[in-house]
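**Q** Listed below are the residues making up each chain.
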Amino acid sequence: DSGVTQTPKHLITATGQRVTLRCSPRSGDLSVYWYQQSLDQGLQFLIQYYNGEERAKGNILERFSAQQFPDLHSELNLSSLELGDSALYFCASSVVEGSTDTQYFGPGTRLTVL
Amino acid sequence: GNSVTQMEGPVTLSEEAFLTINCTYTATGYPSLFWYVQYPGEGLQLLLKATKADDKGSNKGFEATYRKETTSFHLEKGSVQVSDSAVYFCALQPGNQFYFGTGTSLTVIP
Numbered sequence: 001d002s003g004v005t006q007t008p009k010h011l012i013t014a015t016g017q018r019v020t021l022r023c024s025p026r027s028g029d030l031s032v033y034w035y036q037q038s039l040d041q042g043l044q045f046l047i048q049y050y051n052g053e054e055r056a057k058g059n060i061l062e063r064f065s066a067q068q069f070p071d072l073h074s075e076l077n078l079s080s081l082e083l084g085d086s087a088l089y090f091c092a093s094s095v096v097e098g099s100t101d102t103q104y105f106g107p108g109t110r111l112t113v114l
Numbered sequence: 001g002n003s004v005t006q007m008e009g010p011v012t013l014s015e016e017a018f019l020t021i022n023c024t025y026t027a028t029g030y031p032s033l034f035w036y037v038q039y040p041g042e043g044l045q046l047l048l049k050a051t052k053a054d055d056k057g058s059n060k061g062f063e064a065t066y067r068k069e070t071t072s073f074h075l076e077k078g079s080v081q082v083s084d085s086a087v088y089f090c091a092l093q094p095g096n097q098f099y100f101g102t103g104t105s106l107t108v109i110p
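These protein sequence lines are chains A and B, in that order. As numbered in our numbering, residues 1 to 114 make up the first sequence, in order. As numbered in our numbering, residues 1 to 110 make up the second sequence, in order.
Possibly wrong hints are sitting among the right ones.
[As the list claims (entries may be wrong)] Simulated DEER-style distance windows between Cβ atoms: (1) Ser79(A) x Lys52(B): 38 to 44 Å; (2) Gly16(A) x Lys68(B): 46 to 52 Å; (3) Gln67(A) x Asn22(B): 22 to 28 Å; (4) Val82(B) x Thr5(A): 26 to 32 Å; (5) Phe18(B) x Ile60(A): 37 to 43 Å; (6) Leu114(A) x Pro110(B): 24 to 30 Å; (7) Thr70(B) x Gln44(A): 24 to 30 Å; (8) Glu15(B) x Glu82(A): 39 to 45 Å.
To be clear, the hints were calculated from the coordinates, so they are not data collected in a lab. For glycine and all other residues, C-beta sits at the position ideal for the given N, C-alpha and C.
Chain A with its partners taken away, still in its complex shape (with noise of 0.2 Å):
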């Protein structure tokens, strides 16, 4: 157990409407990331946010849009939603930002769009 949750474990939902997926980082950790894991792409990030503010963005689609509460949960909002965006969505935490910064995966968030 990383210390990582994610909620929910499963989603299925439509093509066109919106869901968001939420991360709780380990405790005392600052950092935040979101991955999207598909059979075709591997293993893509899409953003970081530390303490709150936006730090990196990866491959994003303007489509989809994430948040770091004070709280330092995180939620990541995916809208008008595509076959395509079917796939497993992961969120990371870490201590710091930095050049030795390891980071803790939660179990995903696994969303089928029909």
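Mind docking chain B on chain A? Use the hints.
**A** For chain B alone, coordinates are given in the frame of chain A:
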């Protein structure tokens, strides 16, 4: 740019065989290098890391050496077990962002 190229899988080995999973990278500056492992149905777990050239990361019998001259970070284990069956990801951290390889699936058969 920054990228990681990982050996294609899947890899199938017999128990007690020697394992090598190749990883090479392209990066600006002096990145940290990581190997993560993902067991079925779970998130990624850090296996080992190295933060500078010639560092050797090791854990659970796995090891990898940061080779700047060949821009490589190959994962090795002398004698694999059935419980090592998983997907292994090489990763690069040049700054705030992590870059992951596509993963190599390993199956160890008794």
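**Q** State for each hint whether it applies.
**A** The hints, checked one at a time:
Taking the beta carbon of each, Ser79(A) and Lys52(B) are about 42 Å apart, inside 38 to 44 Å as hinted. For Gly16(A) paired with Lys68(B), a C-beta distance near 49 Å keeps the hint of 46 to 52 Å intact. Range check, Gln67(A) to Asn22(B): about 39 Å between beta-carbon atoms, so the 22 to 28 Å window is missed. Taking 26 to 32 Å as the suggested C-beta distance range, the pair Val82(B) and Thr5(A) conforms, at roughly 29 Å.
The hinted range of 37 to 43 Å is satisfied by Phe18(B) and Ile60(A), whose Cβ atoms lie roughly 40 Å apart. The given range of 24 to 30 Å is broken by Leu114(A) and Pro110(B), whose C-beta atoms sit roughly 39 Å from each other. Our hint of 24 to 30 Å for Thr70(B) and Gln44(A) holds, since their Cβ atoms are close to 26 Å apart. One distance hint, 39 to 45 Å for the beta-carbon pair Glu15(B) and Glu82(A), holds here, with the actual separation near 43 Å.
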